[in-house]
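Asks: As a plain string of letters, each chain reads:
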Amino acid sequence: MRRILLAGAAVLATATAGTAEVKLGSLGGVTGPIAEIVALLMEGRELAARHVNEQGGLFADGQQLTLVVGDSACDPKAAVDAATKLVNVDQVVAIVGPNCSGATLAAAQSVTIPAGVVILSESATSPAITALDDKDLVFRAAPSDAYQGIALANYILGQGVKTVALTNANDDYNAGLAAEFAKAFEAAGGKIAAHQVHEPNKANYRAEVATLGGAKADALVVFAYYGSSGIAIIRNALETGAYSKFFGADGMVNDELVNQLGVDALKDAAFTTPGADDSTGAFKAYMELAKDLKQPLGPYVPNAYDATFLLALAIEKAGSADRSKIAAALREVATPPGEVILPGEWAKAKALIAEGKDINYEGATGSLDFDAAGDVPGTYTLNTVTPDGKFAAKLLK
Amino acid sequence: MWEFVNFYLIPGLVLGCIYALGALGITLTFGILRFANFAHGEVMMLGTYLALTMVWLFGLHPLLAALPAMALTALLMLGLDRAFFRPFRSAPTIISVIASFGLMLMIRSAVQVIWGTQPRPILPGVQRPQAWLDGAILLAPKHVWILLATLAIMAAIHLLLTRTRIGKAMRAVADSPELARLTGIPVETVIRATWVVAAATAVAAGVMLAIDTQVETMMGFKMLLPMFAAAILGGIGRPFGAVAGGLVIGVAEELSAYPWLGTAPLLNPAYKSGIAFAIMVAMLVWRPSGLFRGRVL
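Respectively, the protein sequence lines represent chains A and B.
Counting in the numbering used here, the first sequence runs from 1 upward without gaps.
Counting in the numbering used here, the second sequence runs from 1 upward without gaps.
Only chain A is shown next, with the shape it has when bound in the complex (with noise of 0.2 angstroms):
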């Protein structure tokens, strides 16, 4: 056994010797908590890497981009570890990911940043990103929460609802969100009448119910997993009558929740989470090039094939592996103005770039302008519930 692995690795050195490649890190939860979720988006990565290969590979010489995987495992500790071995010793361009917000932030922080190296997550959410002081080093392809927070309190302001009661349950995803939340409702003239931070898995919610029903709000934001303290606190709201109009954000999203509390109950309830246009024609081409993955648009599988798509155009665009030159280079192809490279469109930009022209991608998840923080503007849904007790989403513009 151990002489064929030796053989095989002997013949993979001397094929990889043959062509000149440029390594790319690939980090993500590859083990831990989001495994399953990991495993399909690693897909999106790896289909991109595949068309810019199939389609000329980088530079002049058509060198392979490879993908180095390092498993941060949704987890701070292993994130650095992992990040350290794509820049120390695989000496990586640039890295896509690592996956969760925590693992995020320690592989930024502890590694890439002093390294001076690129990383861009599709899946990392926490407000905590953007504040981050990054050097202009830290990306993201998929919105902060912050944005989620802003949509959502838009949405409620055009419903005609000014004033409003919030709570939210004691964790990082759900407070970061409805500080984000208040922020910009209040920022954009409403008012929010009562702020209660509630404690998920307690039998009844009456008591957190009956003061957030004093404030005598016109709707009652929950910010929640739905599991753990969502249902109950909008059935004890419903059941004392202090709120029938209830707003919220993706972690109350789940059939369960209009199981248990019927359709009736839910009519003047609406939820927001994040999507993806599908009318763009960006969104039309990822569609056709990934109908052979498990899950096209599994969770954040769309985010990860621009993410690896993106940083290899950045590289094109650099004109050589060289780490310095990547978050300048990644900011001009991402943004305008320029010719327009959707999903898949290798050659073409290839070809642009070769005349020094300037691009402009645009992919499936949104035109993934950056921002000063190197944060992607959101494009949201909103899900309500259909008379026939299920979730329909529409986008938010």
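Possibly wrong hints are sitting among the right ones.
Selected chain B positions facing chain A (Cβ under 7 angstroms, derived; list incomplete) [claimed, not checked]:
1. F7
2. G59
3. H61
4. P92
5. G116
6. P119
7. G125
8. V126
9. A136
10. A140
11. R165
12. G167
13. G262
14. A270
Keep in mind that the hints were calculated from the coordinates and are not lab data.
From a predicted model like this one, the values you see are computed outputs, not experimental measurements.
Built from N, CA and C at the ideal position, the CB exists for glycine as well.
Given the coordinates of chain A, assemble chain B onto it according to the supplied hints.
Replies: For chain B alone, kept in the frame of chain A given last:
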């Protein structure tokens, strides 16, 4: 004034009833078998899943489905006692405690394998409260059921313990197992009767909690601390102490969030889980025998 009754006192009483029924089983097993049964919450959860299955299979009302579920769980409990607790009867009690801890994990995992981890409703939909006394008191029908069913079960337990032979034997064993054995009381029979009562009341508590909230695999574990606190508050081995303890803790948890001073809640509701802990620790420090002079731990 009525807001206090409707939003704080009544929910506190409903929660207290559920704690009381759960604490009853804990205090009985503690009094008679002399160990803290950590698996009590999971027995409650298992029985609730059995009741949920009855609701699915036969379309029964949850309160009716609770009856066969109580019987099934009591039978299961006798089997579990035979397998997990009887071998340790004469061993130091810490061994039984650890066995109950292992049993707790095993029951929970088995339920997760069989029924899955998704929370489920036992009574789908939302019950709007109905007005009583010209609209002053708002009370949902399910809360009336819970209060009445708890009263009925308490009355039944009271009759069992004071009027029946086995009930009197249970009290005798709780007071002094050695003396009871010497006077010819069949201790093993008493132990089996204790398990049956503990399992049945636990399932009743679980089904009522599920009617008020939902069925999920962590529900028993989350109830364990307040139930133990209620048993300690009432005095270990004192069934009516457990009932009083459950009601006190349920009401105290809810009332702690009432705006007693000004308009803000006295204690942020996010911290109300701490109330049961605080009461339990305070009782153990100042009055370890509990309100009703139970056994000192």
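Asks: Just to be careful: measuring from the Cβ of G59 of chain B to every Cβ in chain A, is the smallest value less than 7 angstroms?
Replies: Cβ of G59 of chain B sits 16 angstroms from chain A, so the hint is violated.
Asks: When the nearest CB of chain A is found for V126 of chain B, is that gap smaller than 7 angstroms?
Replies: holds, 5 angstroms
Asks: Double-check G262 of chain B for me: the hint is only fine if its C-beta lies closer than 7 angstroms to a C-beta in chain A.
Replies: violated, 12 angstroms
Asks: Hey, does the R165 of chain B contact hint survive, CB to chain A under 7 angstroms?
Replies: Constraint on R165 of chain B not satisfied, violated at 37 angstroms.
Asks: For the hint on P92 of chain B, does the least C-beta distance to chain A fall short of 7 angstroms?
Replies: P92 of chain B check fails; min Cβ-Cβ to chain A is 34 angstroms, beyond 7 angstroms.
Asks: Regarding the hint that A270 of chain B lies at the interface with chain A, is the smallest CB-CB distance below 7 angstroms?
Replies: Holds, because the Cβ-Cβ distance from A270 of chain B to chain A comes to roughly 5 angstroms (cut-off 7 angstroms).
Asks: Double-check F7 of chain B for me: the hint is only fine if its C-beta lies closer than 7 angstroms to a C-beta in chain A.
Replies: holds, 4 angstroms
Asks: Classify the hint on H61 of chain B as holds or violated, based on whether any CB of chain A lies nearer than 7 angstroms to its CB.
Replies: violated, 17 angstroms
Asks: Classify the hint on G116 of chain B as holds or violated, based on whether any CB of chain A lies nearer than 7 angstroms to its CB.
Replies: violated, 11 angstroms
Asks: Double-check P119 of chain B for me: the hint is only fine if its C-beta lies closer than 7 angstroms to a C-beta in chain A.
Replies: Result: holds, 5 angstroms to nearest chain A Cβ.
Asks: Grab the minimum C-beta distance from A136 of chain B to chain A and call the hint holds if it beats 7 angstroms, violated otherwise.
Replies: With a closest approach of 14 angstroms, the A136 of chain B hint is violated.
Asks: Please check whether G125 of chain B passes as an interface residue: C-beta within 7 angstroms of a C-beta belonging to chain A.
Replies: Given a least distance of 4 angstroms, the restraint on G125 of chain B holds.
Hints 2, 3, 4, 5, 9, 11, 12, 13 from the earlier list are contradicted by this structure; the remaining hints agree with it.
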